[in-house]
Amino acid sequence: MAQPAKSEAKQIVDNGIEKGAAGLTEDRIQAVINRVIKGESGARLKVYVDTCVHCGLCSEACHYYLSHDKDPRYSPVAKVKQTLWEMIRRKGRVSVDFMRRAAEIVHTECNLCKRCAMYCPFGIDIAYLMMVVRRIVHLLGMTPQYIQDTAHSHAAVSNQMWVKPDEWPDTLQWQEEEARGEIPTLRIPLEKEGADIMYSVIGPEPKFQAQLIYQAAVIMDVAGVNWTMPATAGWDNSDMAMFTGDNEVMGRIKREHYETAARLRVRRIVMGECGHAFRSVYDVGNRWLGWRIPPIPIIHAIEFYHELLTAGKIRVAKKFKTPVTIHDPCNVVRGGGLHRMARDLAHALCEEVVEMYPNCEHNYCCCAGGGVINCGPPWKNKRIEGNRVKADQLADAKIRGAKVLIAPCHNCHSGLEDINHAYELGLDIKFFGDIIYEVMEKPEA
Amino acid sequence: MHAIYGWVTGPLTWIAFLLFFGGLLYRLVQLLILVRRKEPFIFSYMSLKYSLRSILHWILPFGTVNWRLHPVMTIVTFAFHICLLVAPVFLMAHAILFEEAWGFGWPSLPDVAADWMTLIVIAGAVFFLVRRIVRPEVRFVTSTSDYVLLAVVAAPFVTGFIAYHQLFAYRWMLVAHIVSGQVMLVAIPFTRLVHMLFAPLTRAYTGSEFGGVRHAVDW
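Protein chains in written order, with the numbering used here: chain B, -1 to 443; chain Z, 1421 to 1639.
No wet-lab data here; the hints were simulated from the structure.
The structure presented is a predicted model; accordingly, all values stated were derived computationally and were not measured.
Just so you know, even glycine gets a beta-carbon here, dropped at the ideal spot from N, CA and C.
Some hints could be false.
To be verified - With a straight-line Cα cutoff of 27 Å, these simulated DSS-like cross-link-like pairs (lysine-lysine) come out:
1. B:LYS36 - Z:LYS1458
2. B:LYS205 - Z:LYS1458
3. B:LYS89 - Z:LYS1458
4. B:LYS396 - B:LYS317
To be verified - Rough simulated footprint, nothing fancy, chain B against chain Z, three-plus residues with beta-carbon under 8 Å:
5. 1449 to 1463
6. 1521 to 1527
7. 1611 to 1617
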């Protein structure tokens, strides 16, 4: 492998963490920790901490631990020990340096992928405990700079990428125009009340991956779907506030998203190939707003494409020739059970599917999700070094023939792209949408 | 000596069992109140089917990926926990004591079996101790209290074994056995040994979330 995961003595400086730390006193830290631990948290925190017998059996679940040659500091339980246990033991009286390190651990050494919850014999949800600490870090104002910027963007313009209100419909119309070069009758219907489906995407799509909107529009058009996209805020399903512990902003933008769908009177929200956004609209945002399950059914792209293919609404003209392998994103697989459909889909679209191991619920994380990639350039190398095990797993799939890596999640895509590059794997990373667009029957232009 | 024996088998035993059962009940009620007050949504996600599905996989040796990843640990921990629960409850001496006090008892194990089970518990405790010291990922998260808890659990079995075989200081060993057993019982509700009560509950909740919401397996 190109980069051994061994060079980590250097101190990484993050302006967000440093700026927050500069204004802190131990009194303030103590007040915030106790507000969260005693005030906001409840039974889960207490029981998880009281029940853990410090057995270390969660260790092997974690890609950071495995990638760092089983360095005990990276095991899931060790991250709880270095943060929450100490905070509880010292009744919140911890130093600024301690908080600096805690912020680093919870934001850049854990992807909240919940693989460890499947390895703990007691089913302790360590990702939840990490989120409790992120909440503390947020309230202390020491969230890493880059992800805090995206959270600010959510708060200010209701999308992740500072896309301005006029840029959004403009981008959609631009993509409509582009796609009409291919299918002259194609429309991207905006604000169509009573459509069956509201299609929602994440901020980065209009910002720098507009071709994905083009592809989705072609798929929708060919399949004859009665769909729409909102021209207003509420179109973005992504949510970095969820990962910074800014629950208030998270709840506000989720409400805006659901209310936009309600205003358009659609039956379902279909979302693009994103994992964390799925988690936020399917599992997290609804709970914050008091809904046991989302108020409007949420359909992830994997499920939607599966449906279109099964119903014969899109047909495969010629199967994808190059052998593919499938990466199972944590949020839609461990968080949504879509791995079976992903496989059905891959087999329906491609001639050869090579499994990578471990797979399905046990797949290794991309190391980008959970807001880690959103902590930006200062942490990039650490993130890549922290997932050597993924590179090994991919290299193994490659040896067995895989040339294309399907990753139905934006964060996974970006994270795997970095791994692919750094470890010189030479895989071609694609979305399901890319492949469908390529192999589907399209009307003669 | 008789006075001491009478005292530990009398009032102290009462106190120990009251604290044990009362403590467990207290922890359970306290937990339910806390859930009701702050995280009532937990109740709405609990599912009997998915709870049992998850628990069943995890109480089967090698029933999960992680158990299969650690075969030695799996064998030891299952043997340890089964013997830890079964040996004291079905020990003939305990059943007789109970029958003398209350007039009824229950079938008990042959002494040889109980003896072996005791040795398994002791061996298991030694294994856990060694594992705590030699495995870096376990040592890193180990504190003094972990050793103390291990000692609290092992003590009744060590003293019981010595007393049964009358290896030395029989009477004192018997008293030590009774007292250490009482210490262990009282420790269960108020230390991390409470996992005896809580582990099935955390497992059930995670199982329910994985089954009902996440449509995925958690083993």
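Quick rundown of the hints versus the structure:
A C-alpha spacing of about 11 Å is found between LYS36 of chain B and LYS1458 of chain Z, which places the hinted pair at or below 27 Å, so the restraint holds. Pair hint LYS205 of chain B plus LYS1458 of chain Z does not hold up; C-alpha atoms about 40 Å apart against a cutoff of 27 Å. Distance restraint check for LYS89 of chain B and LYS1458 of chain Z: the Cα-Cα separation of roughly 21 Å lies within the 27 Å cut-off, and the hinted pair is therefore satisfied. A C-alpha spacing of about 20 Å is found between LYS396 of chain B and LYS317 of chain B, which places the hinted pair at or below 27 Å, so the restraint holds.
Coverage of the segment 1449 to 1463 of chain Z by chain B holds [criterion: at least 3 residues with CB-CB distance below 8 Å; count 8]. Residue count for the segment 1521 to 1527 of chain Z with a Cβ under 8 Å from a Cβ of chain B: 0. That is fewer than the three needed, and the coverage hint is violated. Requiring three or more residues with a Cβ within less than 8 Å of a Cβ of chain B, the coverage given for the segment 1611 to 1617 of chain Z holds, as 3 such residues are present.
Of the numbered hints stated above, those contradicted by the structure are hints 2 and 6, listed in ascending order.
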